Amino acid sequence: MQLSSLKGLVSRLYECSPLYHARMREAGVMPADIASLEDVVRLPAMTKEDLRDNYPDQLFTAPPKDILRYHVSSGTTGKPTVVGYTRKDIENWSESLARSFASFGLGDRDVIQVSNGYGLFSGGLGMHYGAEKLGAAVVPASTGGTKKQIELIKDLRVTSIACTPSYLVHMNETAEDLGVDLGSDTMLNSAILGAEPWSENMRRHIEGRMGIRAQNCYGASELSGPLFTECDQQDGIHIWGDLCLVEVVDPETGEHVGEGERGELVFTMLQREALPMIRYRIGDLSEIEWERCACGRTHPRLQRVTGRVDDMIIIRGINVFPSQVEHVLGSIDEVTQQYLITVESQGVLDRMTVQVELDAVAFTDDILALRGITAKVSKALQELLNVRVEVQLMEPGSLPRFEGKAKRVIDKRVVM
Amino acid sequence: MVENRTGKLADITGTVGDAGANILGFSIAEGENFGIIRLMVDRPEQAHEALKNKGHTVSYTEVLAIRMEDRPGGLHEAASSCGRLGINIVYAYAFRNPGHAVLVMKVDNAAEALRSLRAAGIEPLDHSSLV
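For the record, the sequence lines run as chains B and L.
Everything in the first sequence is counted per this note's numbering, starting at 1 for the first residue and increasing by one.
Everything in the second sequence is counted per this note's numbering, starting at 1 for the first residue and increasing by one.
Some clues are possibly wrong.
Distance condition first, Cα-Cα at most 20 angstroms in a straight line; then the derived SDA-like pairs of lysine to any residue [stated by the list, open to error]:
{"#": "1", "chain 1": "L", "residue 1": "Lys8", "chain 2": "B", "residue 2": "Ala375"}
{"#": "2", "chain 1": "L", "residue 1": "Lys8", "chain 2": "B", "residue 2": "Gln392"}
{"#": "3", "chain 1": "B", "residue 1": "Lys379", "chain 2": "L", "residue 2": "Glu32"}
{"#": "4", "chain 1": "L", "residue 1": "Lys54", "chain 2": "B", "residue 2": "Lys379"}
{"#": "5", "chain 1": "L", "residue 1": "Lys8", "chain 2": "B", "residue 2": "Glu26"}
{"#": "6", "chain 1": "B", "residue 1": "Lys379", "chain 2": "B", "residue 2": "His327"}
{"#": "7", "chain 1": "L", "residue 1": "Lys106", "chain 2": "B", "residue 2": "Thr364"}
{"#": "8", "chain 1": "B", "residue 1": "Lys88", "chain 2": "B", "residue 2": "Phe104"}
{"#": "9", "chain 1": "B", "residue 1": "Lys376", "chain 2": "L", "residue 2": "Gly31"}
{"#": "10", "chain 1": "L", "residue 1": "Lys52", "chain 2": "B", "residue 2": "Glu334"}
{"#": "11", "chain 1": "L", "residue 1": "Lys54", "chain 2": "B", "residue 2": "Lys376"}
{"#": "12", "chain 1": "L", "residue 1": "Lys52", "chain 2": "B", "residue 2": "Asp359"}
{"#": "13", "chain 1": "B", "residue 1": "Lys376", "chain 2": "L", "residue 2": "Glu32"}
{"#": "14", "chain 1": "L", "residue 1": "Lys54", "chain 2": "B", "residue 2": "Asp185"}
{"#": "15", "chain 1": "B", "residue 1": "Lys407", "chain 2": "B", "residue 2": "Gln392"}
{"#": "16", "chain 1": "B", "residue 1": "Lys147", "chain 2": "B", "residue 2": "Ile90"}
{"#": "17", "chain 1": "L", "residue 1": "Lys106", "chain 2": "B", "residue 2": "Phe363"}
{"#": "18", "chain 1": "L", "residue 1": "Lys54", "chain 2": "B", "residue 2": "Ala369"}
{"#": "19", "chain 1": "L", "residue 1": "Lys52", "chain 2": "B", "residue 2": "Ala360"}
{"#": "20", "chain 1": "L", "residue 1": "Lys52", "chain 2": "B", "residue 2": "Thr364"}
{"#": "21", "chain 1": "B", "residue 1": "Lys147", "chain 2": "B", "residue 2": "Val180"}
{"#": "22", "chain 1": "L", "residue 1": "Lys106", "chain 2": "B", "residue 2": "Lys147"}
{"#": "23", "chain 1": "L", "residue 1": "Lys54", "chain 2": "B", "residue 2": "Ala362"}
{"#": "24", "chain 1": "B", "residue 1": "Lys376", "chain 2": "L", "residue 2": "Asn33"}
{"#": "25", "chain 1": "L", "residue 1": "Lys54", "chain 2": "L", "residue 2": "Ser80"}
{"#": "26", "chain 1": "L", "residue 1": "Lys54", "chain 2": "B", "residue 2": "Gly144"}
{"#": "27", "chain 1": "L", "residue 1": "Lys54", "chain 2": "B", "residue 2": "Lys147"}
{"#": "28", "chain 1": "B", "residue 1": "Lys7", "chain 2": "B", "residue 2": "Val246"}
{"#": "29", "chain 1": "L", "residue 1": "Lys8", "chain 2": "B", "residue 2": "Phe363"}
{"#": "30", "chain 1": "L", "residue 1": "Lys54", "chain 2": "B", "residue 2": "Thr364"}
Just so you have them, the derived chain B footprint on chain L, three or more residues with Cβ under 8 angstroms [claimed, not checked]:
{"#": "31", "stretch": "58 to 66"}
{"#": "32", "stretch": "109 to 123"}
Just so you know, these hints were derived from the structure itself, not from any lab.
The structure presented is a predicted model; accordingly, all values stated were derived computationally and were not measured.
Here a beta-carbon is modelled for each residue, glycine too, at the ideal position from N, C-alpha and C.
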């Protein structure tokens, strides 16, 4: 079944996508060359740059009248990437999540509170449609208004919540302050957690403290949005084989790594209509377990994502690339491109500091003027990144220099 | 401009001394994560050049220096004059010369401040009278 879907996808792209047609010709591979699943390695890979370079919709292969929705994610240099969906794309997306929710025991009697952001971000609406597809009742709480959210959980007898792990921890702390024990005073018994990296320690913290099941969820806007979760075994995220073909490659060479080895995840979305993705190199580092799960399912299981190929950092659920910071600094004359990003934990939240060297020409002994430069940089960064950034102006020459690849990010966050 | 690191001040003073410039007055102000060292020297070009060659971040700033009586109330008189004349002081530091004291000021509008000081009969000190 995967093979026939792959063949269909490749033929369609060869015919409808000028970019992919040219790429295939360049690689010397024709649709007829795909005779087995192993042949997927002959196909050219796609990257985030392809999406950006073809902004907004030049990679779409469905006619405009068939597009039902757009989601937009912030790009690395201020240029966003746009994902389009046909009716079938939305159905498959919902189906993928509904199946995932069912795999850890949710069903039509459940009430699911979606506390992921609704809007251009694909998290909120994705979860919403998945939960509805399952037949569950949805509380579309979106983000913010934590006290209200806690009331809703109590009053509407919410049984499961979808949000980021850090938000759930924050919500639990707020609940404790209000004298509400989310574990025993409510019907909440599971959480669907994703959109930022988290650890087994965090799972133990949440499950131990709140008495609920914390399910890991994986997805990305380029692949539709949140797509897959763990089953009740909590032993890896099932990647539904009919919808998605996953590979793990060496980020340097692009070659497959050995079984069970860590590498960059590569996704082929077998059924996508509006924005097909073949061998999309997503930049996340992890490994895949191919053995049958204790639950009986044979779909490959994605392990914890432990890092990124690029320097992308996730601050309060928002993706931040050092290149975005560079872009902003490049637009401000008074500072140089020598910078260092530090991310630290401040309670359950993340704090991001950007240290940047002053351009020597802009030096003045007027401290107020120097503060003005700091404020200007801070404002510009905040506008592009949507994250609060503390800026520290540094003496020219004081930040570390690198001979090889510069290390621009220091992540001191404590993963709970 | 200097990063907050031990030994930085000695770097600066060493460089200025090696350039043959005598420091007449100085102050250190702290920014968020750097300091600003302000130096008044007798040979500014040499000091500036030497500091720049050593990779320090340095700039010239125009300041006004006025003479103060070296007795109780001396600074008060100088400050009162500035206040009366509407001179807005951004920052200031002081040092003592034989026989009198000197107030060094960075002001909002140096040309206008100079004019009103002179009109009030206060002659700011020039470079030669300081060294």
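Which numbered hints turn out to be false for this structure?
Hints 1, 4, 5, 8, 11, 14, 16, 18, 22, 25, 26, 27, 32 are the ones this structure does not satisfy, whereas the remaining hints hold.
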